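There are 2 protein chains.
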Amino acid sequence: MKIISSKKELLRALNIVTKAVPAKTTMPVLMCVLIDASTDVIKFTANDMELGIETKVDGIIAEKGIIALEAKLFSDLVRKLDEDDVTISSDEKSSTLITCGKSKFNIMGQNGEDFPYLPFVEKDYQFSMSQFTLKETIRQTVFSIATSEANKTLTGELFDIRENQLRIISLDGHRISIRAISLKDSYENRKVIVPGKTLNEISKILTGETEDMVNISLTENHILFEFEENLVVSRLIEGSFFNVDQMLTNNYDTKIRINRQDFVSCIDRSTLLVKEGDKRPIILNIEDNEIELKISSQIGTMNDFLDIDQEGKNIKIGFNPRFLLDALRVIDDEEVDIYFMNQKSPCFIRDEKQSYIYMILPVNFVD
Amino acid sequence: MKIISSKKELLRALNIVTKAVPAKTTMPVLMCVLIDASTDVIKFTANDMELGIETKVDGIIAEKGIIALEAKLFSDLVRKLDEDDVTISSDEKSSTLITCGKSKFNIMGQNGEDFPYLPFVEKDYQFSMSQFTLKETIRQTVFSIATSEANKTLTGELFDIRENQLRIISLDGHRISIRAISLKDSYENRKVIVPGKTLNEISKILTGETEDMVNISLTENHILFEFEENLVVSRLIEGSFFNVDQMLTNNYDTKIRINRQDFVSCIDRSTLLVKEGDKRPIILNIEDNEIELKISSQIGTMNDFLDIDQEGKNIKIGFNPRFLLDALRVIDDEEVDIYFMNQKSPCFIRDEKQSYIYMILPVNFVD
Numbered sequence: 001m002k003i004i005s006s007k008k009e010l011l012r013a014l015n016i017v018t019k020a021v022p023a024k025t026t027m028p029v030l031m032c033v034l035i036d037a038s039t040d041v042i043k044f045t046a047n048d049m050e051l052g053i054e055t056k057v058d059g060i061i062a063e064k065g066i067i068a069l070e071a072k073l074f075s076d077l078v079r080k081l082d083e084d085d086v087t088i089s090s091d092e093k094s095s096t097l098i099t100c101g102k103s104k105f106n107i108m109g110q111n112g113e114d115f116p117y118l119p120f121v122e123k124d125y126q127f128s129m130s131q132f133t134l135k136e137t138i139r140q141t142v143f144s145i146a147t148s149e150a151n152k153t154l155t156g157e158l159f160d161i162r163e164n165q166l167r168i169i170s171l172d173g174h175r176i177s178i179r180a181i182s183l184k185d186s187y188e189n190r191k192v193i194v195p196g197k198t199l200n201e202i203s204k205i206l207t208g209e210t211e212d213m214v215n216i217s218l219t220e221n222h223i224l225f226e227f228e229e230n231l232v233v234s235r236l237i238e239g240s241f242f243n244v245d246q247m248l249t250n251n252y253d254t255k256i257r258i259n260r261q262d263f264v265s266c267i268d269r270s271t272l273l274v275k276e277g278d279k280r281p282i283i284l285n286i287e288d289n290e291i292e293l294k295i296s297s298q299i300g301t302m303n304d305f306l307d308i309d310q311e312g313k314n315i316k317i318g319f320n321p322r323f324l325l326d327a328l329r330v331i332d333d334e335e336v337d338i339y340f341m342n343q344k345s346p347c348f349i350r351d352e353k354q355s356y357i358y359m360i361l362p363v364n365f366v367d
Numbered sequence: 001m002k003i004i005s006s007k008k009e010l011l012r013a014l015n016i017v018t019k020a021v022p023a024k025t026t027m028p029v030l031m032c033v034l035i036d037a038s039t040d041v042i043k044f045t046a047n048d049m050e051l052g053i054e055t056k057v058d059g060i061i062a063e064k065g066i067i068a069l070e071a072k073l074f075s076d077l078v079r080k081l082d083e084d085d086v087t088i089s090s091d092e093k094s095s096t097l098i099t100c101g102k103s104k105f106n107i108m109g110q111n112g113e114d115f116p117y118l119p120f121v122e123k124d125y126q127f128s129m130s131q132f133t134l135k136e137t138i139r140q141t142v143f144s145i146a147t148s149e150a151n152k153t154l155t156g157e158l159f160d161i162r163e164n165q166l167r168i169i170s171l172d173g174h175r176i177s178i179r180a181i182s183l184k185d186s187y188e189n190r191k192v193i194v195p196g197k198t199l200n201e202i203s204k205i206l207t208g209e210t211e212d213m214v215n216i217s218l219t220e221n222h223i224l225f226e227f228e229e230n231l232v233v234s235r236l237i238e239g240s241f242f243n244v245d246q247m248l249t250n251n252y253d254t255k256i257r258i259n260r261q262d263f264v265s266c267i268d269r270s271t272l273l274v275k276e277g278d279k280r281p282i283i284l285n286i287e288d289n290e291i292e293l294k295i296s297s298q299i300g301t302m303n304d305f306l307d308i309d310q311e312g313k314n315i316k317i318g319f320n321p322r323f324l325l326d327a328l329r330v331i332d333d334e335e336v337d338i339y340f341m342n343q344k345s346p347c348f349i350r351d352e353k354q355s356y357i358y359m360i361l362p363v364n365f366v367d
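In order, the protein sequences belong to chains V and L.
Quick note, the first sequence lines up with residues 1 to 367 if you use the numbering used here.
Quick note, the second sequence lines up with residues 1 to 367 if you use the numbering used here.
No lab work stands behind these hints: they were computed from the structure.
Any given hint could turn out to be false.
Derived EDC-like pairs: lysine to aspartate or glutamate, alpha-carbon spacing no greater than 20 Å straight-line [said to hold, decoys possible]: (1) L/Lys80 / V/Glu292; (2) V/Lys24 / L/Glu276; (3) V/Lys102 / L/Glu290; (4) L/Lys102 / V/Asp309; (5) V/Lys56 / V/Glu229; (6) V/Lys102 / L/Glu287; (7) L/Lys104 / V/Glu292; (8) L/Lys279 / L/Asp172; (9) L/Lys102 / V/Asp268; (10) L/Lys72 / V/Asp278; (11) V/Lys72 / L/Glu276; (12) V/Lys2 / V/Glu50; (13) V/Lys102 / L/Glu292; (14) L/Lys8 / V/Asp268; (15) L/Lys72 / V/Glu276; (16) L/Lys72 / L/Glu9; (17) L/Lys294 / V/Asp76; (18) L/Lys7 / V/Asp268; (19) L/Lys102 / V/Asp307; (20) L/Lys353 / L/Asp367; (21) V/Lys80 / L/Asp262; (22) L/Lys80 / V/Asp367; (23) V/Lys80 / L/Glu292; (24) V/Lys104 / L/Asp367; (25) L/Lys102 / V/Glu292; (26) V/Lys8 / L/Asp262; (27) L/Lys104 / V/Asp262; (28) V/Lys102 / L/Asp309; (29) V/Lys104 / L/Glu290; (30) L/Lys104 / V/Asp367.
Here the structure is a predicted model, which is why all the values come from computation and not from measurement.
When you get a sec, could you build the whole thing from the sequences and use the hints?
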């Protein structure tokens with residue numbers, strides 16, 4: 001095999017596909033990037049058997065063939081080459097010569113035939129959205145994925161499609177995050193669970209531009225993302241997701257409207273008094289259009305006050321400050337509405353259109 | 001004690017003095033920053049008993065006194081306060097109230113009387129230079145300080161003053177770095193060894209501006225740096241430093257002039273083939289106005305070529321690529337001159353004025 005491409009293009013492709021190279025594996029070939037120049041286009045592929053990424057590479061095929069090169073060495077090497085054309089040629093024993101200007105590197109590759117194919121995904125069920133929307137929505141929900149593997153389904157996010165609405169939902173034992181996206185067309189109802197790792201990795205590759213689109217296809221076992229020269233395919237998580245709708249309610253006894261950034265700053269300060277692993281709550285005392293924030297620990301005590309618009313009765317309620325921060329930080333609105341029922345019931349941070357809903361369970365506290 | 005200062009000023013002062021707070025210590029009070037408002041000025045001090053830093057703080061003393069506050073908590077707290085005036089008041093039991101706007105924090109301080117004084121340093125022997133010069137010179141030499149504590153003197157840098165010249169010298173078992181600075185006046189000859197840690201920390205505080213000056217005073221046991229509102233005092237390392245002059249020579253059999261950046265890029269690439277801990281040399285083959293760089297390891301082989309101006313005979317010599325990189329990266333010149341004697345003798349990278357000299361020992365290699 002022999003291909004010629006620019007350092008810049010190789011680096012672009014490597015930065016994308018290496019997101020699917022596993023940190024460790026029992027199959028050494030998976031630590032490689034596959035260079036496939038067996039057809040008329042050059043493709044780079046990486047595959048950890050759950051997540052696979054392929055991208056087309058702009059370049060010249062001087063001799064058809066395939067080769068697998070150790071991903072980290074290959075990426076580091078390309079990164080350190082001069083800005084110039086790079087020639088990669090390998091012989092039948094997988095010995096590979098990389099040349100750029102007067103620099104010559106000789107490294108051992110692995111047989112490309114040993115590299116596992118990406119699964120083929122039918123495109124019968126396909127919808128699209130902007131890369132901006134997908135990237136943002138992942139950021140705004142992925143933090144509340146369960147970290148424990150105890151319930152595998154909760155390590156992913158539910159993609160819940162009903163007609164022309166997609167809801168992306170994550171939850172752990174303490175909170176639920178929901179973002180709703182309007183789709184251009186209507187689709188048959190469908191629910192799939194996408195691994196959190198897949199979403200984290202794809203959000204690093206998405207440009208985040210509103211004018212760039214991404215096509216998403218679903219099959220029974222896979223989800224496929226196609227955008228620009230890239231193709232990302234991931235296994236879905238089997239099983240049924242927790243029914244979040246049973247937890248949601250529009251009833252409330254107290255509603256407050258609060259400046260989001262001020263609220264974030266206050267809570268953020270309070271966390272200085274809470275040592276890692278300490279489950280000390282922040283107490284919100286909502287009374288007569290003012291909220292008092294209180295926390296006390298072995299380290300010290302904090303009191304802070306913010307003006308709010310209040311509707312309904314006064315309430316005193318405790319939360320894990322981290323959970324409030326996680327939700328408030330991914331909301332873009334300058335002011336947020338928060339709904340409370342009582343000390344024992346979750347609060348809901350949501351906008352009027354319910355384009356986002358963040359539910360957080362309260363914690364007990366001693367006053 | 002009660003003082004009022006702005007968040008911004010407190011943060012500036014804390015960012016400076018906390019450089020002298022030890023990572024761990026058997027004296028808990030050393031984990032604190034001392035707020036000394038017992039006179040007409042507010043001073044913050046930190047002291048790890050080897051290095052001490054004091055800075056004056058702009059603010060109002062409402063009630064004289066001193067208090068020691070845990071450095072990390074105090075810094076983090078100030079950092080997260082709103083941009084406003086901050087009031088710090090402590091009672092006789094060291095209970096301390098920090099208020100800013102509507103935010104109130106109550107934390108326990110420690111008795112300021114328990115905090116060790118900084119040593120008093122006479123200013124009989126004092127010279128000065130720009131902060132730029134000191135900061136740069138530290139950067140350009142500190143990398144070749146010995147990391148092993150086997151010879152304590154080599155964990156510091158020699159400040160060698162002869163008349164109006166200061167040479168700052170560091171060395172480990174494999175290389176020597178020397179930078180010469182011209183002083184404005186002439187001084188009695190003096191040699192002191194300044195701990196590497198002191199130099200690393202002070203270089204983080206120095207502005208690096210050519211118009212900002214720093215005054216340096218030496219006594220038998222201490223070095224004092226004074227600049228702006230700051231005072232940094234450090235113990236010196238006892239003992240006598242290795243006599244580097246016996247290692248220096250102006251004789252050579254080969255001299256080359258090479259583009260520094262190209263040389264750095266080439267060597268840098270070669271290190272990809274050397275695993276952490278592997279002592280594999282890069283081989284320089286200097287022949288007829290060209291230098292060939294070669295490295296080979298289990299990972300692969302590299303060959304690269306660069307044009308040079310050569311004077312004297314051809315030579316083939318091996319080096320630890322890391323040592324070449326360390327020296328070449330801190331030189332500002334576009335082209336550097338390198339002097340060789342033979343395969344077994346050190347090379348010297350130096351400019352004509354000898355404002356810098358980097359000596360590196362070669363390593364054996366099998367061709």
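Hints, one by one, checked against the model:
Between L/Lys80 and V/Glu292 the alpha-carbon distance is near 18 Å, which keeps this suggested pair within the 20 Å criterion. A threshold of 20 Å between alpha carbons decides the hint, and for V/Lys24 with L/Glu276 the separation of about 18 Å falls inside it, so the pair holds. For the hint pairing V/Lys102 with L/Glu290, the CA-to-CA distance comes to about 12 Å; that is within 20 Å, so the pair holds. Pair hint L/Lys102 plus V/Asp309 holds up; C-alpha atoms about 18 Å apart against a cutoff of 20 Å.
Between the alpha carbons of V/Lys56 and V/Glu229 the distance comes to roughly 5 Å, so the proposed pair stays at or under 20 Å and holds. Restraint check for V/Lys102 and L/Glu287: satisfied, since their Cα atoms lie roughly 16 Å apart, inside the 20 Å limit. Distance restraint check for L/Lys104 and V/Glu292: the Cα-Cα separation of roughly 11 Å lies within the 20 Å cut-off, and the hinted pair is therefore satisfied. Between L/Lys279 and L/Asp172 the alpha-carbon distance is near 16 Å, which keeps this suggested pair within the 20 Å criterion.
For the hint linking L/Lys102 to V/Asp268, the alpha-carbon distance of about 15 Å falls within 20 Å, and the restraint holds. Using a Cα cut-off of 20 Å, the hinted pair L/Lys72 and V/Asp278 holds, with the two alpha carbons roughly 18 Å apart. About 14 Å separates the Cα atoms of V/Lys72 and L/Glu276, which keeps this hinted pair within 20 Å; it holds. Simply put, V/Lys2 and V/Glu50 have alpha-carbon atoms about 30 Å apart, too far for the 20 Å limit, and the pair is violated.
At roughly 10 Å between alpha-carbon atoms, V/Lys102 and L/Glu292 fall within 20 Å of each other, so this suggested pair holds. Simply put, L/Lys8 and V/Asp268 have alpha-carbon atoms about 18 Å apart, close enough for the 20 Å limit, and the pair holds. At most 20 Å may separate the alpha-carbon atoms for a hinted pair to count; L/Lys72 and V/Glu276 meet this at roughly 14 Å. Among the hinted pairs, L/Lys72 with L/Glu9 is consistent with the structure: their alpha-carbon atoms are about 17 Å apart, no more than 20 Å.
Under the criterion of a C-alpha separation no larger than 20 Å, the hint pairing L/Lys294 with V/Asp76 is consistent with the structure, at around 18 Å. With a CA separation close to 16 Å, the supplied pair L/Lys7 and V/Asp268 stays within the 20 Å bound. Distance hint between L/Lys102 and V/Asp307 is fulfilled; the C-alpha atoms sit about 11 Å from each other, no more than 20 Å. Between the alpha carbons of L/Lys353 and L/Asp367 the distance comes to roughly 36 Å, so the proposed pair goes past 20 Å and is violated.
Between the alpha carbons of V/Lys80 and L/Asp262 the distance comes to roughly 11 Å, so the proposed pair stays at or under 20 Å and holds. With a C-alpha separation of about 25 Å, the suggested pair L/Lys80 and V/Asp367 falls outside the 20 Å cut-off, and the hint is violated. Between V/Lys80 and L/Glu292 the CA atoms are separated by roughly 18 Å; this keeps the pair inside 20 Å, and the hint holds. Note on V/Lys104 and L/Asp367: the hinted pairing holds, with a Cα-Cα distance of about 18 Å set against a maximum of 20 Å.
Of the pairs offered as hints, the one joining L/Lys102 and V/Glu292 holds, with about 10 Å between alpha carbons and a cut-off of 20 Å not exceeded. A threshold of 20 Å between alpha carbons decides the hint, and for V/Lys8 with L/Asp262 the separation of about 19 Å falls inside it, so the pair holds. Annotation: proposed proximity of L/Lys104 to V/Asp262 holds, straight-line Cα distance about 15 Å (limit 20 Å). With a C-alpha separation of about 18 Å, the suggested pairing of V/Lys102 with L/Asp309 holds against the 20 Å cut-off.
A C-alpha spacing of about 16 Å is found between V/Lys104 and L/Glu290, which places the hinted pair at or below 20 Å, so the restraint holds. At roughly 18 Å between alpha-carbon atoms, L/Lys104 and V/Asp367 fall within 20 Å of each other, so this suggested pair holds.
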